[in-house]
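Chains as they are written, first to last, in the numbering used here: chain A, 1256 to 1412; chain B, 63 to 828.
FYI, nobody ran anything at the bench for these hints, they're computed from the structure.
Don't take every hint at face value.
What the hints assert, rightly or not - The following label-pair restraints were derived from C-beta to C-beta distances: (1) E1374/A x A630/B: 52 to 62 Å; (2) E1382/A x S323/B: 45 to 55 Å; (3) R435/B x R1377/A: 50 to 60 Å; (4) A253/B x S1388/A: 43 to 53 Å; (5) E1374/A x E362/B: 50 to 60 Å.
As the list claims (entries may be wrong) - DSSO-like mimics (lysine-lysine), calculated; alpha carbons at most 27 Å apart, straight line: (6) K402/B x K1347/A; (7) K1409/A x K295/B; (8) K1269/A x K295/B; (9) K204/B x K105/B; (10) K329/B x K1259/A; (11) K295/B x K1259/A; (12) K1259/A x K1269/A; (13) K355/B x K1259/A.
Computed from a prediction, not measured in an experiment: that's the story for all the values here.
The C-beta atom is built at its ideal place from N, Cα and C for all residues, glycine as well.
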Amino acid sequence: MATKERISLNVNNKSYDLEVDPNMPLLYALRNELDVTGPKFGCGLAQCGACTVIVDGRAMRSCMTSVQSAQGRQIRTIEGLGTPENPHPVQKAFIEEAVPQCGYCISGWLMTSVALLEENPRRSDAEIRQSLSSLKCRCGTHMSILRAVNRAAKAMA
Amino acid sequence: MTKQANFKLTRRDLLKGGGALVVTFGMPGWAITATQDGGSLSKPPLMPDQLDSYLSIAADGKVTAYFGKMDMGQGVDTAIAQIVADELDVPFERVGVLMSDTEYTLDQGGASGSTGIRSGAQPLRNAAAEARRVLLDMASEKLGIPAEGLTVTDGIIQAKDQSSRQVKYEELIGGKYFHVNLEWNERLGNALNATGKATPKTHDQYKVVGKSMPRIDVSGKVFGQTPYVTDIKRPGMWHGRILRPPVAGATPTGWDNDSISDIPDAKVVRVKDFIGVVAPEEWGAINAAQQLKVTWSEVEPPFIEMDDLYDYIRRTPHVEENAGGGFGGRVPVDEGPVDKALEGAARVIEAEYEHPFQSHACMGPACAVVDARSDSATVWTGSQKAHKTREGVAKLLELPMESVRGIWVPGPGSYGRNDAGDAAMDAAVLSKAIGRPVRVQGMRHEGHGWDPKGPASVITLRAGLDAEGNVIAHRFQAKGFSAWDVRSNEASPSDTLAGLLTGWPKNTRHNYGTPSESYDFPTKLHFWRTIPPFLETASPLRTAHFRDPQGPQVHFASESFIDEIAAAVGQDPVEFRLKYLTDPRDIAVVEAAAKAAGWETRTSPRRDRQSGDVLTGRGIAYASRGGTTVATVAEVEVNRQTGRVWAKRFVVAHDCGLIINPDGLKTTVEGNIIQALSRALKEEVKFDRNNVTSIDWVSYPILDSTEAPESIEVVQINRPEVAPTGAGEPSTRQVAAAVANAIFDATGARIRRVPFTPERVKASLA
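So here's chain B without its partners, still in its complex pose:
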């Protein structure tokens, strides 16, 4: 049980050992002894068309997969190891995965849109299959047996009819490079793929894929052995802290060095509008940041009164609109047909849903270490996209990208474009200024206060019904702040606080989202509109991707509204969905969730009279995302005296195609449900006219252990014939609507604003 499942790459050595890895021939992770046959000792360039860019086999037979994405405990690295083990025919335990170090891995886009398996595994699968093919050819030559007459078990190639004639992988290639070309699709990032001559296995040939192999990362975390980015120490390293203005948008006009004169060696670093402090010791840097007296420019309060947020969104002219969904191309918004259909409807139902800004609120404020030299730099970052961090740091430091190395190290949580990218740039500015490695970690109020936020919005829905109650028109309009005020990565300093403060221009782009579903409503228009950010500079209300970007906002509205229509026409919420859904996999998850939950067919709200203070109800919501489809049933208790909602039970039917690791999928879905439940019940960024005011766990509470459900059941629909499509986010977007629908079922009150705080729920019951 306590055995380390997969061998540990010497990550700790790598991190402490001086940046560059010192092993015999440059392969990370182990000492290499050259063998006699085949392969080459010289390393080919790290290019997508080289087999050696994806995997290597050491002299002791250990396999390393080089993966240009990262994992934060959803088991992506474990899944990659499973996939590589199956393609290569080596034991799972023999495969290690090195993630997102720009020196050793290609730019596969980092963590992005739940594509770790969907896209990220493809070139590794192909490379592993090709490596097996090449090794069989090498063995064929060595053993004098045609490749067709050979078989592989646990990395040993042997004659099918004479098992004594055998050779091990490591005897053929151990410690050397393949120098085999692959066909690269000439894309980088998520779309990167490369294929060899070999055909990867089919699902019926998998032995490890589909099994609940133990996650590679668990042991290190449970024994306190996993180094995090916060734990990196470099020779000569100092500590830095950044000072943020009391009124957002104000810039430093002066400071008093005497205010920190009692702190040994503490210094102020100011570059244009950026001001920070450095000190040899962390405690010194913390004190210096607290003590330093800074004068700030007088600026107009940049924000509105928080109570005015949703009216502000309604009345502010939009700057961009799109009927092409969140990530698709641009489609002009033509309101004519749907509005005409609504005009001709026998009955029109309308509702509006409001969603606040939300914070990533990671467990630790972001941290990074940067060692900036005159001609090169190294950055240790918890960012999801270390290749992009490298690019941004290179631009900020005016260095060629090739001379900057980005090393991903686990950080304190990662659910999109959080504050990690900002910390890397902060550390880069400070390191360049003082000519030393600098470690930056924010304080709690900066983590909550200045991380990029999930965007606030108002979503308006209208449905037109004919005389029989059939839906003939469906109109969805989202209006809110853009998801791309800060882009999803820090490849440009313009998308970071330090970049904006040191003179990089703001680079707002516009994006929001529309529902992802397969309802067949005859006339349908779904579109979004975005309004400008409050500030055109460094802002605590910058908006960006936060887990399942806009999924919760959009589907809270769209799936609550489905129930509103069902209630209006007197139909059961499951039956109503099944009447209009068209995709067989969507239909299957709705049916599976209802069945597993023991769904009782009836209309909402429940008609039977409930006695006592606690009312119970159930609700369902469904949505797809990037090929994965999910239906979620929530059962809630609502206390009508206090307004408190307890989501007691969830049943989630989840179809992401081929399942790689059932246990990993289960805990990943549980995490989605809990985080999404926290966002639905509790989370709202608070601000006044000057700044964000929810700056700790008291003012920005999240779900605790007493509020966790009694049970979350995950019905895993495995489709081996369908390529895997990802599970990191798709079960987030249904939760708010499932809970709101259950509250409605229990009480008859419809909640149309997130979060569902006790005060709000109680007020709705009045």
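One chain only, chain A, in its complex shape:
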């Protein structure tokens, strides 16, 4: 394990200074140092997407992103997306479709969908399916996820 270093992170528009192993994945800094627990540990292998956060506008797997490489970049998590009073359009759609079952993977699907639709909301169902294909959901909520993302795409277009 490497020696701890001082690392500065910007998460949901707040700045934090941490003393951590710079090689530690961003996920553990968020969850354990900052108590930002929306991103979940699913695989640690970038295979499932439960840890997905948005870094400088792009969806990234925080389990394989070192905290050092996230320095000086804008990190967005589910906590920084919207609130019940003022939801992000993708969150609004996920509520309208009652998407989550166990919900453990949902932050990852939300953040990936937000990055996709904020880049360009004009997406066909086929594009949405393709763009989300590297995410996993074990409860099998695929149908309601696809309904919700299509709905959000229309709302954001």
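On the provided structure of chain A, position chain B as indicated by the hints.
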């Protein structure tokens, strides 16, 4: 839309606040201001014969239902809130549900066999009805009006002829306890029930039940506010990881402390054959587990070559058999009559179906936090059965059960006896060893590799036909690994990895399953046989309940075979089923599914010539489960060049009696279909002679968004007069057969082994 539907119990406060809830009089969830009339401020013991064990009403009128089961997004808690709201005559939004905390809820068996509503709701319904009756009596006394002259709307009791004379529930009982006795049936677990003097309402009086009320849990999950078991933090908590052997069954013989000397404060914990590491920080524990050099005992490879699995099952002598189905009593297997009938048949059809081990493969490896003290312990667990987890942890720590508290917190998925029960025991061993709260979460390879597996089996079917093609004999034999190598809960440490590694004896019991259907075949024998587990200790191929235990294996075989018989006698698969089905509700779902799917009556495989690489076909399968009955039509595309199967459309006719929440039922059925489709098309635990080798999402793939169907239509057959029977699992068991039957319809090739991988399908077309 974004309004939180039901008030949130202060779950987060509860979890962070120090274990015990600190509110004025011990009611969880809100501060209590005592009112003047009736009730009592002292809490009665948490007993099934106490009304206060099921619900309470706070000073602000909020109602809490205490529910000894849990929900993982199928909407059971929402349904409970609907049922309680209707019985009490309070608005749905005013009811919260506290689930599976042993301090506040009774042992209702946890999540188990889709009984959340079927069994779990009964005592809550009765208690709510009784509470309403008692409150009417209290109001009668206060207002000086006979109870018959009173009516209740939104928790306000008023005189029928003079609405100004009224009193609110909370003015009568708010923040206090009822101290009303119920009649308890003296059962615990799923069978627990209690009744009061009141008669619950009849279905025609429901206002909230039957409506698609918004699910209570959705908002917290979508805004990242729901605390999961992985998110629990306790003062002084350390992190633990367990080391598993490279060859299953090997035990640690030594380790090198120097290999983790660079990790601050990391320690090794070894108790008999259990070895783990702890560290103050999670990243430290992860590194310690990766770095620690352990030497393991030399053992014979415990497993067979994977290619040999089904022949191994065939040739291994069985140790138990039963013709009494999966969960019924023991019925001796008498092969005489059916074999004689088969001998006398004009024609005999036979087929064999193979089903692999499958992994729960939950989204996160299991996690638990345990705070073990010398005289007490608290366990935070994602297990479906927190009361049983508490019992197991108490035994492992040698503590009285009463001094251990189990708190269910949502975990990463839960589809039966997954790895959650093991994580709780792992954390208990580590916490006891270091005298601190310990959080354990496995890594991905442990989640896939060491979770209990759905059992592999070979199922053999024979049908005897008379000269006219009528079925006169039907013989179903399942042979496989037991569903109860690990029992369905962790009430005994013997059913957990940590228990087995610290000296608890293996406790294998035997169970499998037989078809649940109502076909009238004159001579019928359905039975199962089980073989012993590979290992009599901690094993990555332990077998246990996995969603709809043995339902997929059994009905993949039985419902594929129905189509094989139909094809042999030249009948349409729907017509053939309707000819032999006897239960009117079974007949109704088959007819409803066929109608909604636009089923074209003809034999399979389709006779018309299809051009191009993509062949299409349709198939049906039906089965019942615990009173619920389901028929599923699948429409598939099969690419004859690649062997790839896309299940494009499903039509599911679903009858679970009274429907509580139509939207909740729809998404629950969709989840069943997708997970079952994933299991049918893709899922197979891989192993070599030493260990399980499918240990991530690449080696154990599941269905992705490009493979999801275009549509799933759910035909909901509502039977208000029939008590609800559950929807968490019954629509899982038809899927593999419906898809296999559709592949046969499209191609004429019969797939008899799960999963239907492109390679296998392509080979069958050759």
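Comparing the hints with the structure gives:
no.	hint	in the structure
1	E1374/A x A630/B: 52 to 62 Å	holds, 56 Å
2	E1382/A x S323/B: 45 to 55 Å	holds, 51 Å
3	R435/B x R1377/A: 50 to 60 Å	holds, 59 Å
4	A253/B x S1388/A: 43 to 53 Å	holds, 44 Å
5	E1374/A x E362/B: 50 to 60 Å	holds, 56 Å
6	K402/B x K1347/A	violated, 64 Å
7	K1409/A x K295/B	violated, 40 Å
8	K1269/A x K295/B	holds, 22 Å
9	K204/B x K105/B	holds, 23 Å
10	K329/B x K1259/A	holds, 19 Å
11	K295/B x K1259/A	holds, 22 Å
12	K1259/A x K1269/A	holds, 22 Å
13	K355/B x K1259/A	holds, 24 Å
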